[in-house]
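This is what each chain is made of:
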Amino acid sequence: MADHGGSQHGIARTSRVRTEEQRQRDLGRIAKYRELEDQARALASRGEHSTPELFQITTKLLRLNPEYYTIWNARRRCLISGSFSNSSAGSSRSKGSSTTSATPNTAPSSAKCSSPSSATTPPGPGPQTAGKSGTTADDAGDEASNPIENHEATPTPAEAKAPAAEATQTTEATEAQDLSVIKSELAFTIPLLLESPKCYWIWSYRLWILEQAIARLPARQARKVWEEELGLVSMMLGRDRRNFHAWGYRRHVVDQLESTALHGSSMVETEFAYTDSMIKTDLSNFSAWHRRSRLIPRLLEERGADAQTRREFFNQELELIHNALNVGPEDQSLWYYHQFLVLNLVSPNQPNPTTPSQALIVPDLPLADRIGYLTSEINLIDELLEDYDDVKSIYEALFEYRLYQTQLEGRQPDEREKEELARWLGKLKQLDPMRSGRWADLEKEVGLGVYM
Amino acid sequence: MAQSFSQLPEDLRLVKSAHVTYIQSLDSRKDEYDYWLTEHLRLNGLYWGLTSLHLLGQPDALPRAETIDFVLSCQHETGGFGAAPGHDAHMLSTVSAVQILAMVDAFDELETRGKGKAQVGQYISNLQNHETGTFAGDEWGEEDTRFLYGALNALSLLGLLELVDVDKAVQHVAACANFDGGYGVSPGAESHSGQIFTCVAALTIAGRQDLIDKERLGRWLSERQIAGGGLNGRPEKKEDVCYSWWVLSSLEMIGKTHWIDKDQLAAFILRCQDPERGGISDRPGDMVDVWHTVFGLAGLSLLKYPGLQPVDEVYCMPKSTTARVLGH
Chain F
1 MADHGGSQHG IARTSRVRTE EQRQRDLGRI AKYRELEDQA RALASRGEHS TPELFQITTK
61 LLRLNPEYYT IWNARRRCLI SGSFSNSSAG SSRSKGSSTT SATPNTAPSS AKCSSPSSAT
121 TPPGPGPQTA GKSGTTADDA GDEASNPIEN HEATPTPAEA KAPAAEATQT TEATEAQDLS
181 VIKSELAFTI PLLLESPKCY WIWSYRLWIL EQAIARLPAR QARKVWEEEL GLVSMMLGRD
241 RRNFHAWGYR RHVVDQLEST ALHGSSMVET EFAYTDSMIK TDLSNFSAWH RRSRLIPRLL
301 EERGADAQTR REFFNQELEL IHNALNVGPE DQSLWYYHQF LVLNLVSPNQ PNPTTPSQAL
361 IVPDLPLADR IGYLTSEINL IDELLEDYDD VKSIYEALFE YRLYQTQLEG RQPDEREKEE
421 LARWLGKLKQ LDPMRSGRWA DLEKEVGLGV YM
Chain U
1 MAQSFSQLPE DLRLVKSAHV TYIQSLDSRK DEYDYWLTEH LRLNGLYWGL TSLHLLGQPD
61 ALPRAETIDF VLSCQHETGG FGAAPGHDAH MLSTVSAVQI LAMVDAFDEL ETRGKGKAQV
121 GQYISNLQNH ETGTFAGDEW GEEDTRFLYG ALNALSLLGL LELVDVDKAV QHVAACANFD
181 GGYGVSPGAE SHSGQIFTCV AALTIAGRQD LIDKERLGRW LSERQIAGGG LNGRPEKKED
241 VCYSWWVLSS LEMIGKTHWI DKDQLAAFIL RCQDPERGGI SDRPGDMVDV WHTVFGLAGL
301 SLLKYPGLQP VDEVYCMPKS TTARVLGH
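Chains as they are written, first to last, in UniProt numbering: chain F, 1 to 452; chain U, 1 to 328.
If you're looking for bench data, these hints aren't it; they were derived computationally from the structure. Backbone N, C-alpha and C fix where the C-beta goes; we use that ideal spot for every residue, glycine too. A few of these clues could be false.
Claimed, not checked - Derived PhoX-like pairs (lysine-lysine); straight-line CA-CA distance at most 25 angstroms: (1) U/304 to U/214; (2) U/238 to U/256; (3) U/237 to F/280; (4) F/392 to U/237; (5) U/117 to F/429; (6) F/392 to F/444; (7) U/30 to F/392; (8) U/319 to U/117; (9) U/319 to F/280; (10) F/392 to U/214; (11) U/214 to F/444; (12) U/256 to F/429; (13) U/115 to F/444; (14) U/256 to F/392; (15) F/32 to U/30; (16) F/418 to F/429; (17) U/16 to U/214; (18) U/117 to U/214.
Said to hold, decoys possible - Beyond 12 angstroms from chain U on every Cβ pair, some chain F residues (computed): (19) 50; (20) 81; (21) 305.
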């Protein structure tokens, strides 16, 4: 089953033999780490979440090991019962912050066959090395040592904050306190994210903190906090343009910024423009193409686009992808997007109950025009063969789209077309023997046996 | 197909005994810093290791009694399991616990010495979002189709699927479908092989494969095989052994494993072995870990590589276990 970070992705295999000195150094690090763990467990089991001690230990531990989800949870509990004002009981999301702790036994017992180096979630390679992140326990708390943290308001570290024991705070004071905690927590996680950009727990903790902003701050202030978050996502996507954590996070942040809770309005135009800029930087970025495909239906609806405007928009998208295919016809990302556009022509006649209809851009296009578009796409792709006669994706598209065309025309392929399909399929078999099973299935399905 | 494996180069053979030794050694590394840094994965690691050993035909290579003791020591009053004693309960470790207990045939001990099946079922069902049908990982609310799959996986093994709204969960998975036939982490998210596995397996457990666009999905999945034989997780990404499982098992569930080159994939996985010390890595020459080891072995098992026990493509456990527990 799926799991969270820490596997050995992309780390060169080396001899596992350590020198005695290295071993001693490891033992020292282990002792320090386990001492922190013991302290954290002792404090947590006594319910001392409102004391600064436990909070400070979570800071140290999370810098050593940002995958330690139990410690992220302890930190949340510290904030709820300590640093945050009590005006808003708990988080809006949490269903209750008390868990019964497993066993009072704190000694990590003998895990049979535990993994010293394990795992990630299915979604992609996990963080490079859990534990490399952060600084040593000794300088934990030294916020200034992290240059990135200065990028935005970095107020007093939450560590320095006394637990909110005073019950008689004014609303303004509690809000200021909560804002300061929120900003401090957001700043705390940035260096951890930079070090482990695929660590689920950091992203989810960050979202939890942002939700505290909605629950605890006036909408105007909360909105500002969430707006700044877009900058962080853009920075993360600038470092890794395909990081699906960051893309998912971006979607979530935008959803919230559009919500009434944050006095929001649609951001579909700016988000669409963002995919533009990401695609221009890197045509291969399927994450950006995907996002674009998802934004378009809403974009057109909100623009109140009429049939003519929709057609013009569709033409522009086709032109964009043609230009891209002209320079990179091997790129799968481009072909998937082309497929998305073509499905817009095909799906009204091909109601597939299993896939949502893609007739979203030009839903009212007359059948004759759809056939016209498809024919012109086939011709354009065919022209690509002049420069790239050994690119498999071209033959695959031709094959698929020709079948769509005959389907739209409500007929079976004629003899000439069958010969042509067989020729394309022959090229596919030749250029892409890896998927010969698929080509064989296609041959049978379309009845091309005698033409091959 | 099995005979074609004999055409693999001589040095490309499964080093079974080295893998067994490697897995047995994993708990003896307490003087390594990484051992402690990965404690939050202990129960998952046990599941990965034990599954590997079962597939290697050495199910008793880890002591059964200690295995059960350890699993039960991770359980909370709520019924959920943490990754190790002292770690908070989470869906992922709870699913691993159920899978381990299923493999060692110890649900009765869960009843007598643990908090009981019903309590585990309760813990899981409490994590379902009644509005959307999806599941959270724990009380803090992170939602993901991984957790939805985990819930259906564990509950079906426990015979407690009726505790949750399966139809709602199915609707949520359907909402995660994309135009390319794949599925993402949530509605609107890009298709990703790992999430496709969780969504297709969840639909399979729910008996709703009719919702899958098998042609389109099969095409997308088969395009994950790249030069060198390995599989990647998304278009234009690098290959990685763990996708030998996510992609291949998904292809198996929709009956299309013949859409990729099995021999080349087997060769790629075998090249990722550490032939001396055992274990499998993400790519040839990298550090091994138990996560890539199990998914490499499970992939080879699905490819019917000789000498491995058959793996269940939905549960990533030995078929003998799912046959016994689910009565297939």
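Hints, verified against the model:
| no. | hint | result |
| --- | --- | --- |
| 1 | U/304 to U/214 | holds, 23 angstroms |
| 2 | U/238 to U/256 | holds, 22 angstroms |
| 3 | U/237 to F/280 | holds, 19 angstroms |
| 4 | F/392 to U/237 | holds, 18 angstroms |
| 5 | U/117 to F/429 | violated, 52 angstroms |
| 6 | F/392 to F/444 | holds, 20 angstroms |
| 7 | U/30 to F/392 | violated, 51 angstroms |
| 8 | U/319 to U/117 | holds, 22 angstroms |
| 9 | U/319 to F/280 | violated, 48 angstroms |
| 10 | F/392 to U/214 | holds, 22 angstroms |
| 11 | U/214 to F/444 | holds, 17 angstroms |
| 12 | U/256 to F/429 | holds, 17 angstroms |
| 13 | U/115 to F/444 | violated, 55 angstroms |
| 14 | U/256 to F/392 | holds, 20 angstroms |
| 15 | F/32 to U/30 | holds, 14 angstroms |
| 16 | F/418 to F/429 | holds, 16 angstroms |
| 17 | U/16 to U/214 | violated, 35 angstroms |
| 18 | U/117 to U/214 | violated, 35 angstroms |
| 19 | 50 | holds, 19 angstroms |
| 20 | 81 | holds, 15 angstroms |
| 21 | 305 | holds, 20 angstroms |
When the structure is compared with the earlier hints, violations turn up for hints 5, 7, 9, 13, 17, 18 and for no others.
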